[in-house]
Amino acid sequence: MRLAVNTGLWLLLATVITPGLNASKLTGIKVLDQGYLIVHFKDGDVKFVDDGTGPTAFAGHASDPDNSYVVTYGEPLNTDISAETGLWKILSDDDPYYGPEGVSPVAVFRKTRVNGMSYTGWDPDISDHGFDYTKEHFIYLQLPSSMQQGSTYTVKIDQKLGSDVTETSVKYDIFNHVSEAVHVNLVGYMSSSRIKAADLYHFMGDGGNRDYSDFEGNEIFIFDVNSEDVHSVGRVAFWMESQTEANWNLTGSDVWTADFTGFNEPGTYRLVVEGVGASQDFEIRDDIYRVPYKVSILGYYYMRIGEDRMDMVPVPRRPLWIPNADPPDTEIIVTEMHPFHPEWRTFSSGDPWDRPVDWIPYIKEGRPTNPNAIGGHSDALDWDRHLAHVVNVYDLLLAYILSDGTLDNDDLRIAESGNGIPDILDEARNEVDFWLNLRYRGGYSHGLTNPDGNNRLYQAGNTAIAAWANALNSSMMSYCFQISGHDDLARAYRDSAIVAYNYAEASPDPMLDDRVEGIRGRDFKMMTAAYLYNITGDTRYEDILKNESIVTAPDSEIHRQRSHNQLWGAAAYLLTKQTVNYPDLFENMKSSIISEAKEKEADFVTKRPSRRGYAPEQAWWQTTQDMHRTIIAHAVTDNPDQKTTFLDALLLEAGWGLGRNPLNKIQMTTATTDLADKRSFENIYTSGRNDGTPGLHPGHTPYLNTESWGGHMVGSNPGIVFDRFYYPEIDNWPHAEKYINTRFIWTHSEFTPRQTMRGKALLYAYLYGLYKNDTDFNYDIDDKSRIDISSENPWYWQYNGKTILMLGGSWQDNLFNHPGGLEEHLDVLASVGGNYLRNTMSHRNVGNVFAYERNEEGLFDLNRFNPEYWGRFDNFVRLAFERDMIVQIELWDPADLYHDHQSFGGWSHHPFNPANNINYTSEETGLPNVIEYGAVPVPTEHTFFKSVPALDNNRIVLQYQQAYVDKLLSISLRYPNILYSMHNETGEKVEFGDYWADYFRQKAEEAGVIIHITDMRRGENVRSDDHAHIFDNPERYTFVDISQNNATLGYGQRHYDNIMFVRERLSTHPRPINNNKNYGPNRGGEETVSRMGRMIFAGSAGVRFHRPHPHEDPAYMYAESEWGLGLSPRAQKIIKSLRMATDELDIALTKPGNDLLSDREDNEAYLLAEPGRQYALYFPDGGSVVLDMSHASGQWNSRWINLDQAEWSVSRQIRAGQNVKIDAPGHGHWIVVLLPAP
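For the sequence shown, position 314 matches number 314 in our numbering, and the numbering has no gaps at all.
You may find that some hints are simply not true.
Straight-line Cα separation of at most 30 Å, DSS-like style, residue types lysine-lysine; simulated pairs [unchecked claim]: (1) Lys802 <-> Lys1133; (2) Lys598 <-> Lys577; (3) Lys47 <-> Lys160; (4) Lys665 <-> Lys135; (5) Lys1136 <-> Lys1221; (6) Lys665 <-> Lys772; (7) Lys772 <-> Lys577; (8) Lys577 <-> Lys590; (9) Lys577 <-> Lys546; (10) Lys665 <-> Lys171; (11) Lys135 <-> Lys156; (12) Lys135 <-> Lys47; (13) Lys89 <-> Lys160; (14) Lys772 <-> Lys598; (15) Lys643 <-> Lys577; (16) Lys665 <-> Lys643; (17) Lys1221 <-> Lys1133; (18) Lys156 <-> Lys89; (19) Lys598 <-> Lys546; (20) Lys135 <-> Lys89; (21) Lys1151 <-> Lys1221; (22) Lys802 <-> Lys1136; (23) Lys802 <-> Lys1151; (24) Lys590 <-> Lys643.
Hints listed in this document are in silico derivations from the structure and should not be mistaken for laboratory results.
Take the sequences, apply the hints, and build the full model.
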């Protein structure tokens, strides 16, 4: 669809009447949705001097009152009267409701927050730093009538309010106006990622949270920014009520989803919600996580200490704190003090690392110094570097290990870029080397303090646990260099690891049960041993990791807060390339990490309004994105459902931090990066001030803490600012919207890499690594590879550009809903040459799941899709795609919609039954609560099948049917191997199938995808009128499925003749004839095998053995029954034989040729031929016929195959150019292939 739309995002069309400059500045008018306008005012702004001059230039985090100032716009907005509706008026020349006289809003609401904070210097009267503040106001005008698309509205503002303008206009255009209610990943989405999440909600200040319940079912569009094309991609659905998650209520609101899963075309887009508006622009691109990954690594670089690179933009943080260099009198003095010293808890008040003078009494005898203590990453905006920082090393290196070396980017703009070593390894190496530089007399220090007033930093004493940490640092570093091929460096760090390991182990107290950052000494030991085993293959280390491993059962906790943490060691063993000599440990470790990932991370995305999966350990800091367990679990699980679940959770978590949050901001600083033009945190408590480059250092993520850290100073009490300047009271705000745009409140916008950066860096790196490894996302599908009608012969299909014959057999109709053993089942089918699958969207068997979530009472909510159901579907079609198998989807299955069928099939179980859902009643829809009849070949009174406009036009039911189809297509249109049937054998009115066929085609066209559609009728008589309706509509139904011909009426010769009748009926518009169901022996003994042969030799495009109904237990996956041979051993033989025989032919050039046979009885033999070039005959039970080979000449080879044996047997030579008698070798099912002798 292509619409004429205005491309301007800021829709402030006119501002007129300026009463004076001494007033609040109206900066814009926005549309929240069709019912609300937002008028935005600023009382002032804060500006910063950033020219790299003056006494505080490049001076770390020194504050200078000359480096910031307030620009005011006169008197502030008069908020005392802003809620008076009579002071506002809305006019419109093209919306008659408002007209030229105008109408006042129903209500006026306000939200006020600090938009700037400048430093005025130390104020001795209050013993605190002084600050000036500026505020911004968001005025919400609740409209008495919804705005109309394309209409222009003028807001008149009474002069008493103190606005610098008194009239402003806006055009309501959902495609070109950014609504703050639409929350997306501002960077974008991987083109082939399964889930593409967006949310709908908004906090309107004292107006509370916007209620979008009336918007449920509204259409969602993708708007192409460049072409202006519009694609319908889904519908608004309710997600979850407002609630606290972990520690905070992040959204503060009920949440609705506006997902567009299934839209994959690369480009630049906006997400548009009907009746609301657009998101900010984002991209869809395969490598979308490359830039966030780059920015996160830059964030680490700009936390480094000691980087003397004045040529870089921006300049790294200074001073360098390099001994005897910068500042010139810098000293690192070695002490006896460390966190396990007996006096640690008493020798200092406050944080000992921040009080260096308290360390002076513990200076070692002789006052030794360390001139080599250079590098490492700073802790927040401080300069101390203590042992807890080593976890940064582990996450950076784990990301590289999980990528198996594909994170080889050497151009991320850090100092070492271009040196031939991946930048992520250089970044980790800086920290690893720093800790090695702290060695004192063979031991390993616990860290450095902040500097005192004399530029002295104090080095902590040696500890065994610091040695263990260094051993792990170096062993992981060595393993990464082994992966990257830097063998010299790998050996050097291996040796450093072994030295540290031996030192710790030989210590009088090896500190195995002491902890740093929740990691015990024995955890360090276990994890070091794991990496040394990976490096050396020495089984002594594998024995140690086994003995020290916390894992003893399939559900062991690998990481428990404040108890132990062996995550990085578990990853090492689960990814090892060495021999696994402890398989039980390996399997328990794998099971445990998967279980822990679900319980402590991934499952939360279905339980939290935010749809985040962050781990609970550091959840006090709302911006942490720790998903370590899920990342490792995704990397090691073999279960496709788990893969999907874990990946969805990772993408949802990543999207939140990249903009899908209440602030619609990227939760990092982004100045000077490729994300600088995106909305992100402008001012936080970090480095990069007055360094000659506007903005702060990039890649830093603040806490956004709202709680006091004690004392009276503003810097440690963000509540002072909230209470004084924010409206309404801060407790009413969504927690994730409580942002102060400040450089000066450390409790609010400080951070440490180990708390808010490392999980994010690992997450972005892992997702980017998946793209680099090309395993989960990139299918590189073009139109030529899709299933299509053969360009050589329209009776057949082509796939990947080649004509194919589809052969199949499987144990269930709804294979997607039977994930247990599914991959093996498909592999068995592939092994015998099968490539054709049937898939009803049913939920009828034990172990199946339904498409929708249930509430606590067990009722379905048709606005809440069940991710397990859709994840199973996506997994199934992906597995089929990976095996070049064609899936024929059957949308509406009567077995699910009439009387009960199997364990959970039938209307009494169905979510659309009014008795089973919370969305409508029988009285509202006409849908029955009870159905006691089954499906029949003629129309019934079932209201479900009358919802479409050409019948009852039941909009309530239709909207939910459409939403279901939209969800299905959001997945299936990604794949090139799908055919679509609107029903499984329906007898209902053809108008219902016609509607859905047209709906499917329209959606596919909007997505730029070619699909093929049919509808399968229930009647066995293929000569009936309802079958004719399908046959005679080639534009709508581009193939046919005549499976019911394979039932009772389709027997023997008549079975074949019926197919030939259909071919004749289709002859003016030839197209493929599929037979997705070939019923079982109850239809005639050997007849089920005979039908397979006849269908192929009648020129059918696809044939499949039906399921062995009524089996539901996977133990019967290879059984047969009177209903079908499925994929039983006999079916496997038949399929393999058919594939072997037809592979000998160029089947695209053949056609049915029984006219060339004589001396033939009914059902004796069937011919497929290209006369003169190739012939094949099928004998259902032996026999003898005469073949006219007058079109051919010379010697020909005839090769025979018995379908129950799947191997070539008799081979003979015959002379062509005459009638040739063909005698089958005996009874049974035989095929002979005749080709010219070479």
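Against the structure, the hints:
no. : hint                : result
1   : Lys802 <-> Lys1133  : holds (25 Å)
2   : Lys598 <-> Lys577   : holds (26 Å)
3   : Lys47 <-> Lys160    : holds (28 Å)
4   : Lys665 <-> Lys135   : holds (19 Å)
5   : Lys1136 <-> Lys1221 : holds (27 Å)
6   : Lys665 <-> Lys772   : holds (27 Å)
7   : Lys772 <-> Lys577   : holds (20 Å)
8   : Lys577 <-> Lys590   : holds (15 Å)
9   : Lys577 <-> Lys546   : holds (17 Å)
10  : Lys665 <-> Lys171   : holds (25 Å)
11  : Lys135 <-> Lys156   : holds (22 Å)
12  : Lys135 <-> Lys47    : holds (14 Å)
13  : Lys89 <-> Lys160    : holds (14 Å)
14  : Lys772 <-> Lys598   : holds (25 Å)
15  : Lys643 <-> Lys577   : holds (21 Å)
16  : Lys665 <-> Lys643   : holds (29 Å)
17  : Lys1221 <-> Lys1133 : holds (28 Å)
18  : Lys156 <-> Lys89    : holds (5 Å)
19  : Lys598 <-> Lys546   : holds (24 Å)
20  : Lys135 <-> Lys89    : holds (24 Å)
21  : Lys1151 <-> Lys1221 : holds (21 Å)
22  : Lys802 <-> Lys1136  : holds (20 Å)
23  : Lys802 <-> Lys1151  : holds (17 Å)
24  : Lys590 <-> Lys643   : holds (13 Å)
In terms of the numbered hints stated before, the structure departs from none.
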